[in-house]
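**Student:** Going down the list, the sequences are from chains A and B.
Position 87, counted from 1, in the first sequence is what our numbering calls 87; the numbers after and before it change by one each time, with no gaps.
Position 38, counted from 1, in the second sequence is what our numbering calls 1038; the numbers after and before it change by one each time, with no gaps.
Don't read these hints as lab results, they were simulated from the structure.
This one's a predicted model, so the numbers in the text were calculated from it and none came from an experiment.
Glycine included, each C-beta is placed from N, C-alpha and C at the ideal position.
Be careful, since some hints might not be right.
[As the list claims (entries may be wrong)] Here are the computed distance ranges between Cβ atoms for each label pair: (1) A:S87 - B:E1015: 33 to 41 Å; (2) A:E14 - B:E1055: 50 to 58 Å; (3) A:Q80 - B:G1040: 24 to 32 Å; (4) A:R112 - B:H1057: 33 to 41 Å; (5) A:G28 - B:E1005: 30 to 38 Å; (6) A:P81 - B:E1055: 47 to 55 Å; (7) A:F74 - B:L1061: 32 to 40 Å.
[Stated by the list, open to error] Some chain A residues judged to face chain B by a derived CB distance under 10 Å, without partners named: (8) V4; (9) Q6; (10) S31; (11) G42; (12) L43; (13) I55; (14) R95; (15) Q97; (16) M101; (17) T103; (18) E104; (19) G108; (20) G110; (21) R112.
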Amino acid sequence: DAGVIQSPRHEVTEMGQEVTLRCKPISGHNSLFWYRQTMMRGLELLIYFNNNVPIDDSGMPEDRFSAKMPNASFSTLKIQPSEPRDSAVYFCASRDQDRGMNTEAFFGQGTRLTVV
Amino acid sequence: SQQGEEDPQALSIQEGENATMNCSYKTSINNLQWYRQNSGRGLVHLILIRSNEREKHSGRLRVTLDTSKKSSSLLITASRAADTASYFCATAPTGFQKLVFGTGTRLLVSP
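Taking the hints into account, I'd like the entire structure generated from these sequences.
**Tutor:** Shown next as structure tokens:
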């Protein structure tokens, strides 16, 4: 398996533009997480899905952020409109929840977003 | 915030020395996990310790867990320059499927 795949790896966009980050989890994994990493706030959990259903989106900072998981092999995180303070590295991770609570998460390489 | 805290924030040692990192958390947990992150890369899972375990070993890694103090430690023995990275603890809060990460420790191992 190629692991968790995120695209793009880098994104530079102007303030006010829409940004879409993409994630392909590991095949067979049924939990998916979106994290944001910044120097100031560390790794923040934004939202996680179980069997394609959003379970907890309490970490989503504002209504400008939305996430979808239309099927088991694809998820998107969208920011509209983007702002400079959204600049961060966004990570996607997946886990095989069917193996129980005591399983590890596998991370993608991240998308480095810069909003100018 | 449920986010845990780690100390020290940064640690600088020589090759061959041991490195100890500590993690404190706030809620009851199913398990606690340690991850490593090389600069500019994603996180890689190192070791998982369940709430009913007190100590676990994996190669040069030794993890302890004290649920009464809500704390854990990661010991890397005989460190190598290649161990240079950031190390994060992550907790799986009881009743939840999510992982909550600590603030991380930046480890620098000099040759």
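**Student:** Provide an ascending list of the numbers of those earlier hints which the structure does not satisfy.
**Tutor:** Violated hints: none at all, because every hint is consistent with the structure.
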